[in-house]
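A.B. asks: Line by line, the protein sequences give chains A and B.
Okay, so the first sequence: first residue is 100 according to the working numbering, each after it adds one.
Okay, so the second sequence: first residue is 390 according to the working numbering, each after it adds one.
No lab work stands behind these hints: they were computed from the structure.
Keep in mind that the hints are not guaranteed to be accurate.
[What the hints assert, rightly or not] If you only want the chain A side, here are some residues facing chain B, beta carbon under 7 Å, derived:
id, residue
1, T139
2, V142
3, T184
Ideal Cβ placement from N, Cα and C applies to all residues, glycine included.
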Amino acid sequence: MKKTVFLGALTVAGLAAGAAAAGTLDDVKARGKLNCGVTTGLVGFAAPDANGVWNGFDVGMCRAVAAAVFGDPAAVEFVPTTGKTRFTALASGEVDMLARNTTWTFSRDVDLKFEFVGVNYYDGQGFMVPKALGVSSAKELDGATVCIQTGTTTELNLADFFRANNISYEPVPIETNAEAQQQYLAGACDVYTTDASGLAATRASFEDPSAHVVLPEIISKEPLGPLVRHGDSEWGDVARWTLNALIAAEELGVTSANIDELAKGTNNPEINRLLGSEGNLGEMLGLSADWAVKAIKAGGNYGELFEKNIGENTPIGLARGLNAQWTDGGLLYSPPFR
Amino acid sequence: MADISFVRTEMLPEKTPPATSVGLIGWMRENLFSGWFNSILTVVSLGFIYYVLAGVLPWMFQSSWTANSLSQCREAISAAHGEGASGACWAVVRERYLQLIYGFYPDHLYWRPNIAFLLTLAALAPILFSALPRKMLWLAVVAPFAVPWLLWGGSAWLPLSAALGFVLGYGAFRGVSQLNGSLAAIIAGVAAPVLWWMLLAGPFAALVQSILPVGIEPVESRAFGGFMLSITIGVVAIVCSLPIGIVLALGRQSNLLIVRTLCIGFIEFVRGVPLITLLFVASTLLNIFMPPGTNFDIILRVMIMVTLFASAYMAEVIRGGLAALPKGQYEAADSLGLDYWKAQRLIIMPQALKISIPGIVSTFIGVFKDTTLVSIIGLLDPLGLSNAIRADANWNGIVWELYGFIALMFFIFCFSMSRYSMFLERKLQTGHR
Numbered sequence: 100m101k102k103t104v105f106l107g108a109l110t111v112a113g114l115a116a117g118a119a120a121a122g123t124l125d126d127v128k129a130r131g132k133l134n135c136g137v138t139t140g141l142v143g144f145a146a147p148d149a150n151g152v153w154n155g156f157d158v159g160m161c162r163a164v165a166a167a168v169f170g171d172p173a174a175v176e177f178v179p180t181t182g183k184t185r186f187t188a189l190a191s192g193e194v195d196m197l198a199r200n201t202t203w204t205f206s207r208d209v210d211l212k213f214e215f216v217g218v219n220y221y222d223g224q225g226f227m228v229p230k231a232l233g234v235s236s237a238k239e240l241d242g243a244t245v246c247i248q249t250g251t252t253t254e255l256n257l258a259d260f261f262r263a264n265n266i267s268y269e270p271v272p273i274e275t276n277a278e279a280q281q282q283y284l285a286g287a288c289d290v291y292t293t294d295a296s297g298l299a300a301t302r303a304s305f306e307d308p309s310a311h312v313v314l315p316e317i318i319s320k321e322p323l324g325p326l327v328r329h330g331d332s333e334w335g336d337v338a339r340w341t342l343n344a345l346i347a348a349e350e351l352g353v354t355s356a357n358i359d360e361l362a363k364g365t366n367n368p369e370i371n372r373l374l375g376s377e378g379n380l381g382e383m384l385g386l387s388a389d390w391a392v393k394a395i396k397a398g399g400n401y402g403e404l405f406e407k408n409i410g411e412n413t414p415i416g417l418a419r420g421l422n423a424q425w426t427d428g429g430l431l432y433s434p435p436f437r
Numbered sequence: 390m391a392d393i394s395f396v397r398t399e400m401l402p403e404k405t406p407p408a409t410s411v412g413l414i415g416w417m418r419e420n421l422f423s424g425w426f427n428s429i430l431t432v433v434s435l436g437f438i439y440y441v442l443a444g445v446l447p448w449m450f451q452s453s454w455t456a457n458s459l460s461q462c463r464e465a466i467s468a469a470h471g472e473g474a475s476g477a478c479w480a481v482v483r484e485r486y487l488q489l490i491y492g493f494y495p496d497h498l499y500w501r502p503n504i505a506f507l508l509t510l511a512a513l514a515p516i517l518f519s520a521l522p523r524k525m526l527w528l529a530v531v532a533p534f535a536v537p538w539l540l541w542g543g544s545a546w547l548p549l550s551a552a553l554g555f556v557l558g559y560g561a562f563r564g565v566s567q568l569n570g571s572l573a574a575i576i577a578g579v580a581a582p583v584l585w586w587m588l589l590a591g592p593f594a595a596l597v598q599s600i601l602p603v604g605i606e607p608v609e610s611r612a613f614g615g616f617m618l619s620i621t622i623g624v625v626a627i628v629c630s631l632p633i634g635i636v637l638a639l640g641r642q643s644n645l646l647i648v649r650t651l652c653i654g655f656i657e658f659v660r661g662v663p664l665i666t667l668l669f670v671a672s673t674l675l676n677i678f679m680p681p682g683t684n685f686d687i688i689l690r691v692m693i694m695v696t697l698f699a700s701a702y703m704a705e706v707i708r709g710g711l712a713a714l715p716k717g718q719y720e721a722a723d724s725l726g727l728d729y730w731k732a733q734r735l736i737i738m739p740q741a742l743k744i745s746i747p748g749i750v751s752t753f754i755g756v757f758k759d760t761t762l763v764s765i766i767g768l769l770d771p772l773g774l775s776n777a778i779r780a781d782a783n784w785n786g787i788v789w790e791l792y793g794f795i796a797l798m799f800f801i802f803c804f805s806m807s808r809y810s811m812f813l814e815r816k817l818q819t820g821h822r
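Work out the full structure, taking the sequences as your base and the hints as a guide.
C.D. replies: Here it is in structure tokens:
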């Protein structure tokens, strides 16, 4: 008797799970809020301000999706996740999507059963050294002590790089970026290695940034992108095409400033289809016709988001580099809207 | 004998002690410079203290309270104290102290956690200080229902219907104990409220709410953060772990096989697992076991885990107190004809708890500080928030100021707990050991 009840409960739970997994978009719409997983804090990408409002490049992605679904960029519940909890949070349905500087790798995509909807930032692991060290290339770092965050892919990349170049190093394991800054400044290590965007942010926080240089070598590919659960392609499409809409908007010259003008109709059919004055792309996604207009208005197109949060006029001061449009020699390339 | 030339015939008046053995000089000679070795130690210690203060004090006071970012801080400090001066950037504390205290709680509702905090203190006061009027104990009855309602908001009927569960339990206990034995009465007294809470309390509250809506703006658990989160988790764990720990400690000494085995199993299992593991179970494993869409509040899960953890430790501390009681006390209670509960309540527990006070308070302090571990599962307690604040481009690179502020707040709480424990020990000191 007890067993039957237990099995019955399991079945109900399983059915509920199946039902819930079938339509994230419907769930999100019914809830009236997007649950978006972000980091517990990463400079430029996600951080709460003094009023508790989240800002940043990844946060902008969440807001764009919320705006595409609800027309309201504020209809987001930001769920801070750590490197250890992020994947379970997504897999268990606690969050609908993760926009949390997560590297797109084979095992995460295939084995962990997630679906990366694109790349919103091409990053790579770099090195920072004090200028006084007189080093101009990472290959001259033989015998150096290296501050490195444990338990991340950076550790593996570092070992690979030094082995491939047949030079030795001594790792100084540290837990967080803040600890790394302190250790590096105190001279506990000659070199600090992490993602290049993180190095730039760290360097910008130093009292004398010019005394430190980021070496030119980038030793790994870290394509960071938003991800959703496997098995719900409709919802994956919403996230994917919201990201693509932001990228395409920049390519097509649609900005948050001129979007109202352009949304009335232009003589460029691609813009018309993107902004919904022509065709029914929004309907195909299960959203309103002006979904992309709202998504772009939430924080601007890709370029505007970049400039506002991590671009050259911010303290972090990242150049577009790989993250420029393909027309400018970068890797950003949105499939066409038709 | 005739050679004696002088015999004093009267007492000499008392002289004042020499200047070198009274007052400040005397105190210093006695305590600081009583021998060459101690003198060296004193000088070395003074040198060390000077070295530390010379480093810390200028840093603390050559500070900036008004800047809006770390770089502005640095400019302001070098403008005020000369180029190259380094000082604390307390401006980050000025800008973020409300966030560090209340987390993301809506700022127009700050009065609610404030009142909840005061109510908690007022409810604890008559329990902690017996000099206060006994009528204040009613606050301790009201607070467990009023405080969560103030913090989370929502319908006022929910806490009332939760309270009704206790009334039901008491009613069932009284009813059954008249008909049947005391064991059956205890079982009924536990089963009735549990059934009520699990099955009927929610619908009942919803029903009454739909007839007569009374409530305040609900606040989601996600909005909790900072010290408010630490204190909420800490107070719940502290208040619940003591009674659960007592029950577990008694259960472990029980003659009933199943009760004893269960208690030993629970205590040893929980004590054998790190708290962080339990927190990961709460945050990730439970999520996977439960069907998606189940909304089992993360803070509630964490509270339950921390409470269980603290209870296991508490049980062992109290078992230490029980073991320290001479066997004669148990026998004396038996010879007076007291039954088990009366013996525990009147004779055993008052003495055992008194012996265990330092251990109990140490466990409390430990639990309160352990609440910072929740930052690892993504809850923004003060330590988690310090990381989030550092992720603001304006404050990236700030470390000591935030940690200093957080440490100060924790010190205030933990130090007052420790002082209270000493006060209680002195008050309960009966002289015989």
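A.B. asks: Now, for every hint given, state plainly whether the structure supports it.
C.D. replies: Hint by hint, here is what the structure shows:
Hint status for T139(A): holds, given a least beta-carbon distance of 6 Å to chain B, under 7 Å. The criterion of a C-beta within 7 Å of any C-beta in chain B is met by V142(A), whose closest approach is roughly 5 Å, and the hint holds. Checking T184(A) against chain B by beta carbon gives a least distance of about 5 Å; that is within 7 Å, so the hint holds.
The structure is consistent with each of the numbered hints, conforming to all of them.
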